[in-house]
Amino acid sequence: MKKVLIFDFGGSSGRALICSYENKSFVSAEIHRFANSPVTVDGKLCWNTDMLLKEIDKAIDKAQNYGFDAISVDTWGVDFALVDDGGNFVQKPVCYRDGRTDGLPQKLFESIPEKELYFRSGITQMQINTMYQLLAMKLREPEKLNSDCHLLMMPDLINYRLTGIMANEYTEATTTGLIDPRTKDWDWEIIDRLGLPKKIFGKIIMPGEKIGSLKAEYACQDIPVFAAPSHDTASAILAVPSSEKKFAYISCGTWALFGTELTEPVINDESFKSGLTNEGGYGGTTALLKNITGTWFLQECRKYFNSNGEIFTYNDMEAFARSAPPFIAKINPNDPTFLKSGDMPRKVVAYCEKTGQNKPKTIAQTLRVIYESLAAEFAVTLDDLERLTGNTYPAVYIFGGGSKDKFLCQLTADATGRIVVAGPAEATAIGNAMSALIALGEIKDAAEARAIVRRGSEVKEFLPDLSDGDGRR
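Note that the sequence shown ends on residue 496 in the numbering used here; no numbers are left out.
I should point out that these hints are in silico values taken from the structure, not numbers from a laboratory. The C-beta atom is built at its ideal place from N, Cα and C for all residues, glycine as well. Hints should not be assumed to be uniformly reliable.
What the hints assert, rightly or not - Restraint-style ranges between C-beta atoms, simulated for each label pair:
{"no.": "1", "residue 1": "N88", "residue 2": "S60", "range": "25 to 35 Å"}
{"no.": "2", "residue 1": "D125", "residue 2": "E287", "range": "48 to 58 Å"}
{"no.": "3", "residue 1": "W211", "residue 2": "K167", "range": "45 to 55 Å"}
{"no.": "4", "residue 1": "N46", "residue 2": "D358", "range": "41 to 51 Å"}
{"no.": "5", "residue 1": "P348", "residue 2": "N169", "range": "50 to 60 Å"}
{"no.": "6", "residue 1": "F350", "residue 2": "T206", "range": "27 to 37 Å"}
{"no.": "7", "residue 1": "K167", "residue 2": "D73", "range": "17 to 27 Å"}
{"no.": "8", "residue 1": "Y337", "residue 2": "R369", "range": "35 to 45 Å"}
{"no.": "9", "residue 1": "S134", "residue 2": "Q87", "range": "34 to 44 Å"}
As the list claims (entries may be wrong) - Below, in silico cross-link-like pairs of lysine-lysine (DSS-like), each with a Cα-Cα straight-line distance of 27 Å or less:
{"no.": "10", "residue 1": "K138", "residue 2": "K221"}
{"no.": "11", "residue 1": "K130", "residue 2": "K363"}
{"no.": "12", "residue 1": "K161", "residue 2": "K130"}
{"no.": "13", "residue 1": "K167", "residue 2": "K67"}
{"no.": "14", "residue 1": "K353", "residue 2": "K377"}
Could you put together the complete structure from these sequences and hints?
Rendered as structure tokens:
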């Protein structure tokens with residue numbers, strides 16, 4: 024029985040877990056957790072990289088007491104560091120919510136049409152994508168891109184810290200918008216056309232490959248460090264408790280990624296119009312999905328309420344939303360207005376006013392508008408997925424932190440007219456660990472991993488309420 028130490032980083036916290044497969048069951052124990060939030064440095068919203076790396080060291084020290092046979096890492100997408108040959112920072116990671124990319128997509132579309140960019144990468148053009156962050160550097164700090172440096176996405180940076188080896192993991196690399204999904208390598212032509220130096224892009228490795236061994240400073244024995252599906256969404260998909268090969272899911276956290284797993288990308292006029300993106304998945308699969316702003320709304324509302332002396336839990340906010348009358352108004356969750364931190368309740372009211380709708384007048388009404396708008400967007404996305412894939416999905420699997428929100432799960436069931444299967448909440452960490460256990464030979468493949476999750480996870484089903492018609496939108 025082998026154990027793996029996994030690191031799972033999200034936009035608000037990071038943690039380390041010891042995981043194993045024992046007696047036909049998946050076993051995990053969280054050994055270290057810490058906050059993760061951006062800080063302002065030299066006018067930029069940056070990740071506190073020094074702190075994160077120190078927390079990794081603390082976790083490895085704690086893990087020595089448990090023993091472990093491998094390590095793997097997942098993080099969020101799009102953000103990166105630039106380091107020189109000696110591993111020194113040329114650019115520390117900047118948070119994707121920083122304003123340096125404002126307006127850049129529209130500027131680029133003047134020379135390279137949005138549709139062409141989509142058809143090359145299969146990736147929806149969002150200002151947070153790595154490509155636009157690099158273009159922002161090219162415009163404002165070109166000397167950094169001219170340096171002899173290497174682009175390391177967040178999980179690549181951590182893996183480099185652990186092994187001393189620089190490489191770019193595939194699922195995370197797809198979030199740059201610079202990968203050709205057909206070749207599964209960098210799109211060197213578009214990199215040239217964007218005027219980005221080829222030298223910064225490294226070797227692509229696939230999930231499950233060994234990156235290297237843990238540095239001697241951490242361990243005296245040979246401990247392999249494996250590439251997880253290091254984009255957190257890709258790890259989470261590996262833990263979907265579905266017995267069917269064709270399934271629809273929502274990886275629901277700060278972002279809600281609504282999609283399905285396919286063997287090949289879907290890149291055509293309809294997928295472009297629908298805002299569906301093609302991200303890399305485990306085993307060379309494609310995650311055809313839509314990026315929808317998710318529990319970010321609730322996080323920001325809670326932060327605003329608490330800063331004004333009204334201390335609410337997420338359970339409190341769920342109860343408030345339930346108490347408000349339905350269908351006061353509807354927002355577009357992906358409107359750029361909501362991307363940055365701030366007074367989220369005011370932003371929701373302003374959006375309703377701008378679009379000529381009734382304005383929510385209370386906290387409860389504002390929260391109700393958010394909940395219902397997310398569910399309505401989920402329903403539209405399910406329609407798009409079914410139309411484009413030709414598949415019918417009788418259930419929607421919701422996992423991640425949002426799966427614990429019973430009201431959101433029920434509204435999603437009502438809006439989609441489908442059974443919602445909620446859980447596991449820790450899907451990303453589980454999927455990360457499963458990939459390492461497969462690499463170690465403890466588990467056969469993705470199908471067996473999902474069967475293990477299905478047997479061992481507590482999930483809850485929500486049936487659609489069709490009492491007011493078909494239950495949809």
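Okay, the hints, checked on the actual structure:
no.	hint	in the structure
1	N88 to S60: 25 to 35 Å	28 Å, holds
2	D125 to E287: 48 to 58 Å	34 Å, violated
3	W211 to K167: 45 to 55 Å	21 Å, violated
4	N46 to D358: 41 to 51 Å	49 Å, holds
5	P348 to N169: 50 to 60 Å	58 Å, holds
6	F350 to T206: 27 to 37 Å	47 Å, violated
7	K167 to D73: 17 to 27 Å	19 Å, holds
8	Y337 to R369: 35 to 45 Å	20 Å, violated
9	S134 to Q87: 34 to 44 Å	53 Å, violated
10	K138 to K221	23 Å, holds
11	K130 to K363	20 Å, holds
12	K161 to K130	14 Å, holds
13	K167 to K67	15 Å, holds
14	K353 to K377	12 Å, holds
Consistency with the previously given hints fails for numbers 2, 3, 6, 8 and 9, ordered from lowest to highest.
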